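4 protein chains.
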Amino acid sequence: MEHKIAILGASGYTGAELVRLIATHPTMKIVALSGDRKAGMEMAEVFPFLRHLDLPRLQKIEEIDFSNVDLAFCALPHATSQAVIAELPGDLKVVDLSADFRLRDPSEYEKWYGKPHSAPELQKEAVYGLTEFYRDEIKGARLVAGTGCNAATGQYALRPLIEAGVIGLDDILIDLKAGVSGAGRSLKENLLHAELSEGTHAYSAGGKHRHLGEFDQEFSKAAGRPVLVRFTPHLTPMNRGILASVYVSGDPAAVHEALASRYAAEEFLKVLPFGALPSTRDIRGSNYVHIGVIGDRVPGRAMVVAVLDNLCKGSSGQAMQNANLMLGIDEASGLRLAPVFP
Amino acid sequence: MEHKIAILGASGYTGAELVRLIATHPTMKIVALSGDRKAGMEMAEVFPFLRHLDLPRLQKIEEIDFSNVDLAFCALPHATSQAVIAELPGDLKVVDLSADFRLRDPSEYEKWYGKPHSAPELQKEAVYGLTEFYRDEIKGARLVAGTGCNAATGQYALRPLIEAGVIGLDDILIDLKAGVSGAGRSLKENLLHAELSEGTHAYSAGGKHRHLGEFDQEFSKAAGRPVLVRFTPHLTPMNRGILASVYVSGDPAAVHEALASRYAAEEFLKVLPFGALPSTRDIRGSNYVHIGVIGDRVPGRAMVVAVLDNLCKGSSGQAMQNANLMLGIDEASGLRLAPVFP
Amino acid sequence: MEHKIAILGASGYTGAELVRLIATHPTMKIVALSGDRKAGMEMAEVFPFLRHLDLPRLQKIEEIDFSNVDLAFCALPHATSQAVIAELPGDLKVVDLSADFRLRDPSEYEKWYGKPHSAPELQKEAVYGLTEFYRDEIKGARLVAGTGCNAATGQYALRPLIEAGVIGLDDILIDLKAGVSGAGRSLKENLLHAELSEGTHAYSAGGKHRHLGEFDQEFSKAAGRPVLVRFTPHLTPMNRGILASVYVSGDPAAVHEALASRYAAEEFLKVLPFGALPSTRDIRGSNYVHIGVIGDRVPGRAMVVAVLDNLCKGSSGQAMQNANLMLGIDEASGLRLAPVFP
Amino acid sequence: MEHKIAILGASGYTGAELVRLIATHPTMKIVALSGDRKAGMEMAEVFPFLRHLDLPRLQKIEEIDFSNVDLAFCALPHATSQAVIAELPGDLKVVDLSADFRLRDPSEYEKWYGKPHSAPELQKEAVYGLTEFYRDEIKGARLVAGTGCNAATGQYALRPLIEAGVIGLDDILIDLKAGVSGAGRSLKENLLHAELSEGTHAYSAGGKHRHLGEFDQEFSKAAGRPVLVRFTPHLTPMNRGILASVYVSGDPAAVHEALASRYAAEEFLKVLPFGALPSTRDIRGSNYVHIGVIGDRVPGRAMVVAVLDNLCKGSSGQAMQNANLMLGIDEASGLRLAPVFP
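Chains as they are written, first to last, in UniProt numbering: chain V, 1 to 342; chain G, 1 to 342; chain R, 1 to 342; chain S, 1 to 342.
Isolated chain V (complex conformation):
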């Protein structure tokens, strides 16, 4: 069996991460790669770390023959993504990694992304790609929307707690530490090594980060009532990794139990023993999520810490996991790579 794969937007980090994962996937084979500004180039020129692979040259999207493609990963910027996907064959399976199909409500999309959605029917069709919570819908979906990487981390820590009703809903606070690659391969002064290494700062603070749209949608749905979390990400001098420190009210033991039981059967979600907390170093380069719970000296308060690799489980690994489901194969295919440490 072979699954023919196209990657649209292969010249960015999530596109390259997909190529990395597909390199050892048992059935996926890359038949087309697009990279608009770099069309005509070899991937080895754009990403020399992929030099050992036999890959098609980068093309423009319109040059790709999609009749020969089983599934397309779309790793384009938001806004571009909705325009491109609307033009693809209507029966082509698509996993989108952009923000374009994460929010089901067009007005929420406009609120967070600043302009109206151009493909609202697709927005309606798309299934939210948090695998462990939408597995059945994903299996039958044609279009799956990858989640935000921060949004995934926060949800892994919080959804089971909201569903189990073990925490207060009005004082949830997420203080998140994010690695650099989450900002992509974009030329911004504050992403230069000389600016970014050896320091840390908060960004999109004050309730402005767009992944709040996902938190609002998903937590409110899980709770059956509006839930507004506080959320502040901090840029941290590491290339990969997200650590979410989630502060909640509730009984710490109940919090731990809710997570441990909800994830007991999940291959990629590991809940540590009560009181142990995870490190981003231990999931780097992998599809695993480590989650820890500890109580506070202030009674009735708990801290949940969840870590994942933003490029893998937070985007491209999740995308592959969802693609596996859509293709009807083992969900973990190609994703059992161990983390890379040190």
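Heads up, a few of these hints could be off.
Cβ-to-Cβ under 10 Å is the rule here; a few derived chain V residues that face chain R [to be verified]:
(1) 13
(2) 16
(3) 48
(4) 51
(5) 185
(6) 187
(7) 188
(8) 189
(9) 197
(10) 272
(11) 274
(12) 283
(13) 288
(14) 338
Label pairs and their calculated CB-CB ranges [as the list claims (entries may be wrong)]:
(15) G/140 to R/190: 41 to 47 Å
(16) S/254 to V/37: 23 to 29 Å
(17) R/63 to V/204: 52 to 58 Å
(18) R/220 to V/332: 36 to 42 Å
(19) S/254 to R/63: 57 to 63 Å
(20) G/253 to V/4: 55 to 61 Å
(21) V/57 to R/190: 44 to 50 Å
(22) V/204 to R/188: 39 to 45 Å
(23) V/265 to G/114: 40 to 46 Å
(24) R/188 to V/299: 48 to 54 Å
No wet-lab data here; the hints were simulated from the structure.
As the structure is a prediction and not an experimental result, all values here were calculated from the model.
Every residue gets a Cβ at the ideal spot worked out from N, C-alpha and C, and that includes glycine.
Place chains G, R and S on chain V using the hints.
Below, chains G, R and S alone, put in the same frame as chain V:
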């Protein structure tokens, strides 16, 4: 005018930072350096970055003639420090950088540090060294206790708010990101470059960090009632710097105003315009503190972010500032070094 | 088919890297792990990044039943290794990662390692594990000696040139930049993050690095006359990776041609187009070697740059490649993992 | 006494470093700052680490009244610099940090920088700014050309050896490791943290780096015959610092003696004891140079290692040192800042 200075415990990072600062101080001159295990060595062997300075050789403490010393900085480990200081001449001015004299209540000391204090009279005598809040007491003190570096950062963000009564006292949360040098020059596996770089994790979580003793003492005093904050530090792959993300309830504008007015005349404490948040990169190697305030989308909630250099303003710079006061000279002497960026 | 594997010395970085690689190997299964000081512990305690794997608990070596083992990787310190291997069953296949069996001449061993070899017959039996140059001997070997990681990098750049006779033998200079993990998980002050990050320095300079013993042995053998290279490694603030800048006299085009033709059929050795030079970032976490050649403005001088991951191709990946050969399976089994970038 | 200073091109790293140094300089006062694209902005917006200083707003160069300026530092890109300086008042003291006036021979300038020099008379007038070798000329100069940072490092290691005639002139090899800030604040993909951290690579290899023009000019002058060195820089994941590993033929003891005696009276140049080698960590943020010498196992071969901070002694610190000389004050004014470690 010349002030003769001894540094006890000069072979650690805070001791070396004192030497660095004294190198360009207008009146201080180092006459003695102790380093028990490294006694007999030149500082240039222990810290080659100090090679250009003409410094006395490291000695054992008992070899130092304190009659020739105007002021001693004591940069020894806690517990050791109280034993050593008890043996020093009773009229020698001392700035202690350890944890030994930060807590005024002997039972609090025992609670956080695990054994009874051996010099409770000195503990009573010592003035808490948060310069901008104890300036007058420090001027007349013989023994000043340097604060914890995390404790200083949190207090700079919170004390004016508690004093001004503009925040709720029962839901204060400090999520702190700490650089590596705060852990000292100690041989621990998790401090190795291969273990620590490229990742982050929480430590002393769950209300266990010893600097909570200082928060409790100082915030409760400022509030006139018990205040119990939540506080979690995270080890961050940068050598210097602390960033405290402090979450409070209160009117964001009032929070900003309380900080800006309280610190308007303070040379080293800079409050950014409302909505701007600081980065640790901008105070590295200096005695400056940058503080920012932003509101949240959740009404009545604010975030205060304070940054400082743990080795400088968080310990050795603070120590020098206090020493300047004790010696009756310009408080900022030797401390106007600009941060080093990049 | 299943191959039962023991790893002796599994609590260090090369041991952990072996576990990482075996995790996706098609036929290897770990049946025993030793870690003397950590015997009794779970691997997840020693290396939390391996938490997702179902692994045997760490044991003492003497507790392992080797009758149930097909092949043992020995990742112990040198000197310890020769003592341990001498006590293993005489027909057990062993891949040793230490320095103990790299030098065939007992007097050379004593010269570089400072004491006599205690198992000279084993030393004689051992095959030098530079796979692409000793493939046939390795296939039939019982005991294979892993090469030094720096020694491997230098040899990949130089052996084909010496064999082809395209460079001068008396002015070879290797300036090497080595990542931190090569120093292992040892508690040394200069390996602390605060000491090692953000700087670089030479070490074992002046012809003192022990891997010179391997260069001497192998280059002299390849040349049929004594060859003494100059070699200086520099510690570089990156966790994985070695870059060898090799300066030679010879025609640059002939140098490139000698490498390109010698490695044309080698899956893991990639020679870049003439004039392109490699980066350690592009082989991180993988078994690949990238090699580039450029001429100098000084006629008749060339520079060869070779990069590899010291923990993978430089030690544990090489060990697995050799083990595959010894077990009679596809040499690249489990080793086609793509590099991890960024 | 007060010296009124203008900095042209203050929005780059060397401009900011000048501001940092002037902040504690005893007589210099900044009266004008230019930053073409950022004209109108406060320095605190461009470089928040300078927030505590009272600085003039950034202007366009043509807005500056130079009649009120004693000395201008020109930190503009090459080519721009020659055009700007040609328009400045003819009696204004200028220290240029660009490459425009380093090469005395117009044809050499054209060869290395790809176009004819537009101000050849100024080129003739300019004094090469390697302070310790051109001190007397600098004292009387109106226009001083700052050296390349790599060029300075290599010359500190080699000039005394060439002058003393203790090394061979035809096999000098400089393998250099350079920190990131040397590339400036420019938006290039390979300078992003995600691309640059955790790895290393050679650049401008093969005799193409422009600082070779300086080596050729200065070494040939010192030797009285043409000297062509080999020189390869490697980008290293650290923000500040250059380490030059210089390989020479000659008697190691004589090499050490030549350096030690030549620099015995130089405040900023420190020669370590024979056999000790320096680290970039020990000069970070300072104007000091550390130099070490070691012999090789190959007789008659030596290695010299020199380290300096590319932004300080390699450019802005050197510029200030030269400016001090031009202003007739203590050469070390404002430059005795100790390095920052860790």
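Against the structure, the hints:
no.	hint	verdict
1	13	holds (6 Å)
2	16	holds (7 Å)
3	48	holds (4 Å)
4	51	holds (6 Å)
5	185	holds (9 Å)
6	187	violated (15 Å)
7	188	violated (15 Å)
8	189	violated (18 Å)
9	197	holds (8 Å)
10	272	holds (8 Å)
11	274	violated (15 Å)
12	283	holds (7 Å)
13	288	holds (5 Å)
14	338	holds (4 Å)
15	G/140 to R/190: 41 to 47 Å	holds (44 Å)
16	S/254 to V/37: 23 to 29 Å	violated (57 Å)
17	R/63 to V/204: 52 to 58 Å	holds (54 Å)
18	R/220 to V/332: 36 to 42 Å	violated (50 Å)
19	S/254 to R/63: 57 to 63 Å	holds (59 Å)
20	G/253 to V/4: 55 to 61 Å	holds (58 Å)
21	V/57 to R/190: 44 to 50 Å	holds (46 Å)
22	V/204 to R/188: 39 to 45 Å	holds (40 Å)
23	V/265 to G/114: 40 to 46 Å	holds (42 Å)
24	R/188 to V/299: 48 to 54 Å	violated (43 Å)
Hint check: violations occur at hints 6, 7, 8, 11, 16, 18, 24; the rest are consistent with the structure.
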